[in-house]
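*Asks:* Sequence:
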Amino acid sequence: MNLELQNACKTIRSLGSLEAAEWLIANFSYESGNAGEAFLVMPHRSWTKSEQKKLADYYLKNLPHRSDRGYKALLKIMALPTFIDAVRRCLPDGGDHPGLMAYHLRPLLKSHPDYPKYQSLADDLLGALN
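All letters in the sequence shown, in the order written, are residues 2 to 131 by this note's numbering.
Treat each hint with caution, since some may be false.
[Unchecked claim] Computed cross-link-like contacts, SDA-like style, restricted to lysine to any residue with a CA-CA straight-line distance of at most 20 Å: (1) Lys111 <-> Ser68; (2) Lys11 <-> Asn28; (3) Lys55 <-> Leu81; (4) Lys73 <-> Cys91; (5) Lys111 <-> Arg70; (6) Lys11 <-> Pro44; (7) Lys77 <-> Arg90; (8) Lys73 <-> His98; (9) Lys73 <-> Thr83; (10) Lys50 <-> Asp115; (11) Lys111 <-> Ile85; (12) Lys77 <-> Gly17; (13) Lys54 <-> Cys91; (14) Lys54 <-> Leu109; (15) Lys54 <-> Asp69; (16) Lys73 <-> Asp115; (17) Lys50 <-> Arg14; (18) Lys73 <-> Ala103; (19) Lys55 <-> Ser18; (20) Lys73 <-> Leu92; (21) Lys73 <-> Gln120; (22) Lys54 <-> Trp24; (23) Lys50 <-> Lys73; (24) Lys55 <-> Glu20; (25) Lys62 <-> Lys73; (26) Lys54 <-> Arg70; (27) Lys54 <-> Glu20; (28) Lys77 <-> Ile26; (29) Lys77 <-> His113.
Hints were generated in silico from the structure; no laboratory data involved.
My request is simple: use the sequences and hints to build the entire structure.
*Replies:* Right, dumping it as structure tokens:
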């Protein structure tokens, strides 16, 4: 991790959860072209449930579906049912994206330690993507 990202980790740890989420979105936005780096910084603090949702809503709605990096980072900071709800809120409208989402999400969900407990939620989500 480069110095800029290390400093970003220090910054988000020094702020409250709401302020840290707003700072992360403002400084690692899709408009600025560096949103992908937010996924490296995000797991370096604990987030309240409302900020988990705020981050997931922002980053999932704009997430390019060409990799699983964003999904992995978000799944690290929230419980599996919260993650599944966030993905449901941000489902794309048609195109190739649902298939790409399913391609990346299926192995992540099925390998999650809580998958057996929330299998029906996860399988319903994957079914909605197919």
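*Asks:* Would the hint linking Lys73 and Thr83 be met if the CA-CA limit is 20 Å?
*Replies:* This hinted pair holds, its Cα atoms lying about 14 Å apart.
*Asks:* Lys54 and Trp24: Cα distance at most 20 Å?
*Replies:* holds, 15 Å
*Asks:* Please work out if Lys77 and Arg90 have their alpha carbons no farther apart than 20 Å.
*Replies:* holds, 18 Å
*Asks:* Would you check the hint for Lys111 and Ser68, treating anything up to 20 Å between C-alpha atoms as holding?
*Replies:* holds, 17 Å
*Asks:* Would you mind confirming whether the straight-line C-alpha gap from Lys111 to Arg70 stays at or under 20 Å?
*Replies:* Cα-Cα ~16 Å, so holds.
*Asks:* Quick one, are Lys50 and Arg14 close enough, alpha carbons at most 20 Å?
*Replies:* holds, 16 Å
*Asks:* Can the restraint linking Lys73 and Gln120 be considered satisfied, given a maximum Cα separation of 20 Å?
*Replies:* holds, 18 Å
*Asks:* Can you confirm whether the C-alpha distance between Lys11 and Asn28 stays at or below 20 Å?
*Replies:* holds, 14 Å
*Asks:* Hinted pair, alpha-carbon criterion (20 Å max): Lys77, Gly17. Please report holds or violated.
*Replies:* Given pair Lys77, Gly17 holds - Cα atoms ~19 Å apart, limit 20 Å.
*Asks:* Please work out if Lys73 and His98 have their alpha carbons no farther apart than 20 Å.
*Replies:* Roughly 17 Å separates the two Cα atoms, so the pair holds.
*Asks:* Holds or violated: are the alpha carbons of Lys55 and Leu81 at most 20 Å from each other?
*Replies:* holds, 16 Å
*Asks:* Within a Cα-Cα threshold of 20 Å, do Lys73 and Ala103 meet the stated pairing?
*Replies:* holds, 13 Å
When the structure is compared with the earlier hints, no violation turns up for any of them.
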